[in-house]
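Take these sequences, add in the hints, and give me the full structure.
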Amino acid sequence: MSKQAKENYAAAAAGAFFEGRDAFLRAALESVSAQFALDAVSFYEYEEKTGLLRLKHRHSSGVSFEHEEDLRPAPGSAAARAMETLEPAVSKGPGGSYLCSPFRFDYCDPAGGRGVIPCFGLFRLERAPRKRGFTPSEAAKADAWLKSFLRDYYKAEFFSLNRKYDKNVAAITELTEVFATALRVRDSFKHILSGIQTYFGFDRVRLYLIDEKNRKLKGELSADIRGQIKSISYEEIPLEAGAHRFADIVLGRSSGAFMERYKDCVLYMPLSVQGVTIGLLIVDNLLSQQRIEPQELAMLKSFGGQIALAVDNARLFDKVEELSLYDELTKLPLRRYFNQRFQEEFYRAERFKQPLALIWADIDYFKEVNDTYGHQIGDKVLKEAGRVILSNLRKIDFPCRYGGDEILILLPQATGMEAQRLAQRLSQELTELRIPVPFSKTRELRVTMSIGISTFPQDASTMDSLLEKADDALYWVKSHGRARIALYSDVAEERKKAETNAGGTDVPAK
Amino acid sequence: MKIWLLSDYDHRKHLAFKSLLARFSAAFPDANVEFSVKSRRSLWESLFGHLRDPKRNPLADVIEIPQNWTELLSRLGLVADLSPRVEPLAHKRFPEFILKELCRNDEARAFSAPWWLEAPALFYRPQALKSAVEDPEKELATWDGFRAALDRLGAPSRRRGAHALSVPGSSGSVSVADVLPRVWGRRGGLFSDDFNRATFTREETAGGIEDWLELAVSGKIELFSPDRFENGPRPAEECACIISSRKLGGRSGLKMLPYPGYPSGGGLMLVHNLSVSASSQDPDGAAAFVAWALEHRNLSLFTESFGVFPCLKPVFEERLREERESGVYKRLFSAPELKPNIMVYPTAELLLERALWNLSMKIARKDYDREDLTRELIMAQGEADYLLSLY
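First to last, the protein sequences are chains G and A.
Quick note on this note's numbering: the first sequence kicks off at 1 and runs consecutively.
Quick note on this note's numbering: the second sequence kicks off at 1 and runs consecutively.
Please keep in mind that the hints were generated in silico from the structure rather than gathered at the bench.
Incorrect hints may have been included.
[To be verified] If you only want the chain G side, here are some residues facing chain A, beta carbon under 8 Å, derived:
#	residue
1	53
2	65
3	68
4	73
5	77
6	79
7	225
8	286
Here a beta-carbon is modelled for each residue, glycine too, at the ideal position from N, C-alpha and C.
Next up, the structure:
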């Protein structure tokens with residue numbers, strides 16, 4: 001080999017370790033082509049299972065390119081001889097002169113696998129028909145040159161596998177942390193799915209949880225290859241044998257031949273905690289149809305227990321949070337949760353210059369109900385009030401049991417008129433309610449509500465002031481006979497009139 | 001600027017692109033451009049590799065893609081909208097049938113620019129067919145006529161000039177590219193008209209695939225041919241018929257006919273586009289290159305070099321006028337059909353590719369049965385339907 005070619009090759013080889021196997025191969029093909037005055041050179045991998053030589057790279061007329069072509073060497077041909085003996089073989093035909101330089105080496109799986117990874121194939125060096133063929137000494141020289149290249153190729157392959165191994169070790173450490181922190185963060189499922197996507201990068205990850213009460217497998221979340229997470233709560237699968245393959249998997253039934261076909265690019269992982277299946281995690285590469293590496297599958301499976309535990313803990317966490325944020329009786333959010341949402345909605349209204357209405361409602365004579373009929377009936381009243389409110393609100397509205405019988409409803413993007421219409425509907429439905437009262441002469445109880453409404457920005461420019469104005473309107477209703485609805489703007493107008501009539505000396509009652 | 005070019009069985013394409021780049025570098029000496037040629041599989045892997053780990057797997061700035069990958073790549077956020085940056089796209093200076101498919105879902109935007117197209121056709125040597133076919137135009141117009149002619153031409157032998165049929169674009173096994181023209185010829189397709197379900201097992205689709213497989217079963221085409229490995233691509237003079245999407249007319253006394261089975265004209269067109277990566281550091285420069293490649297002279301020289309048609313309307317029409325076989329091409333382009341540019345289509349092709357690979361192996365081992373085709377298509381269709389439900 002000339003000094004220049006050696007230098008070229010050394011430079012190419014050194015660089016290729018950083019750019020991957022393909023760049024390495026490309027540099028080597030270009031280099032051997034120049035060194036031995038070739039018209040073309042190709043790199044084939046041999047697949048022992050099928051007996052096919054699979055073209056991967058080719059360099060011809062000064063251009064290197066990847067290409068795919070699967071060919072079977074004819075028995076007794078130079079290529080077949082080379083593959084059998086692992087010695088170079090030359091041939092000449094109408095298409096030109098050829099030299100087949102075979103290689104084979106096995107190396108240990110750096111990830112600790114028991115088997116060896118084989119690397120088997122050949123280089124095919126070509127010269128045009130009008131050019132000289134390959135002499136035995138030239139063939140030996142080219143073969144030796146390629147063998148020296150292969151030693152570096154081996155290293156490149158090994159380093160590439162080693163990099164994968166390093167990545168896996170890092171993933172193990174970081175995923176453990178991800179699953180552990182899933183306990184402490186809001187949107188825990190999201191956190192778990194993001195963690196899986198960050199380290200494995202599947203086309204899609206989906207999480208389904210078992211709803212024992214309704215015997216259903218319910219979709220929770222799905223994360224795609226770009227990391228975008230969306231709800232799949234619209235997916236509900238009856239948990240019955242034969243209803244759906246997901247149900248069959250969760251129920252531990254046979255997955256069939258169709259599923260066998262999927263096994264390289266889909267993993268169905270039932271999630272179990274202490275022997276009880278709580279859900280199903282599905283990861284797939286269906287869109288790309290790329291094989292999920294066995295090591296990745298093994299690693300994800302080994303995380304199965306941790307994922308199941310994290311999912312279960314997240315579910316418990318949500319349950320605890322729900323208990324601390326929602327009133328069990330009315331199913332309405334509690335004051336603490338309301339304060340947080342109120343702040344968010346208020347900022348949003350301010351920023352986007354949108355209206356925001358606040359309803360402050362109070363069940364009339366609630367204390368008397370409790371004193372007369374007992375707390376059980378009082379609870380029934382509250383429960384019914386909560387049901388009526390929840391069934392009448394838009395998705396963006398936010399109600400809250402503020403304390404006792406006081407209920408607040410936040411209505412983003414609603415004007416005073418719109419809030420008034422809703423309040424009328426609520427008031428109407430509540431008035432139509434008949435609460436059965438056993439052991440009482442009346443047999444049934446009717447309730448009414450007093451409602452005060454304030455709006456941003458019309459009535460108030462701050463959160464405190466908006467609350468204060470709604471309370472003010474409610475107070476006005478209470479002091480004017482109850483079971484009515486008042487907009488703060490109307491109350492203020494009326495007071496102004498009253499003040500004018502009284503000569504402006506009266507202090508408004510509160 | 002980095003460019004990824006799709007690998008082609010015809011090396012002339014790579015050389016033509018090399019010349020194109022040389023002209024670009026001469027015109028813009030400050031531009032630092034390099035290109036690499038990627039196989040479809042490798043390009044697909046690189047695109048998904050980028051989605052999984054963008055830092056480790058950067059994309060090239062300009063990427064050649066089959067047109068019907070555009071919808072998928074744009075939905076995955078991999079390619080940029082070119083319509084504001086590439087003048088022919090902004091002014092829709094492409095044949096209507098190309099634009100219709102490219103902008104199927106969004107007429108205002110285009111995420112790739114049509115570059116070149118090819119149309120599979122049948123080439124034959126009148127001399128070689130003399131004893132087997134009386135009226136080639138008539139007899140070779142239908143699949144049955146073509147098939148009968150191949151039978152009369154006899155089994156392949158190593159004797160020069162004795163090969164009945166050659167398919168230069170073959171990758172060894174039967175591939176989707178091989179079977180689709182016949183599937184289309186039978187009025188089949190991979191999806192229902194509303195794209196709500198896969199139709200691999202539909203009579204027309206399965207029949208089209210079976211027609212082509214039958215050529216392999218009967219030995220009319222050789223799978224995994226050792227001959228190609230030993231001697232390189234078969235010279236045109238040795239073949240009576242050639243199915244090719246590249247122009248071969250004028251060479252070796254070959255004459256051209258539409259792909260058998262399209263008696264009323266028309267046929268499947270394969271369109272290749274240039275796209276600009278959405279993560280390119282120099283999107284303006286990349287788009288400028290695309291616009292430059294689409295300039296009349298550049299496009300004309302590039303496409304002429306490897307016997308394909310340019311996509312830009314004026315150049316396309318000019319080429320059609322000047323074409324020696326313009327009559328045949330006019331018939332081909334009279335009712336052109338393109339592969340649907342929908343999100344799931346590229347994956348559906350991969351599923352079918354896998355089924356065809358399994359069948360090719362069975363044929364090569366002389367272990368093939370019609371049932372195998374049905375089973376493979378049912379499996380692949382099930383997977384495609386499942387994908388449709390997901391995406």
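Hint by hint, here is what the structure shows:
1. Hint on residue 53/G holds. Least Cβ distance to chain A is approximately 7 Å, under the 8 Å limit.
2. Hint status for residue 65/G relative to chain A: holds, with the closest Cβ pair at about 3 Å, below 8 Å.
3. Among the interface hints, the one on residue 68/G holds; its C-beta lies about 5 Å from the nearest C-beta in chain A, closer than the 8 Å criterion.
4. Using the Cβ-Cβ criterion of 8 Å, the hint placing residue 73/G at the interface with chain A is satisfied: the shortest such distance is roughly 6 Å.
5. Below 8 Å, beta-carbon pairs count as interface contacts, and residue 77/G has one with chain A at about 6 Å; its hint therefore holds.
6. A least Cβ separation of about 6 Å between residue 79/G and chain A falls short of the 8 Å threshold, and the interface hint therefore holds.
7. Hint status for residue 225/G: holds, given a least beta-carbon distance of 5 Å to chain A, under 8 Å.
8. With a least beta-carbon distance of about 6 Å to chain A, the hint placing residue 286/G at the interface is held under the 8 Å criterion.
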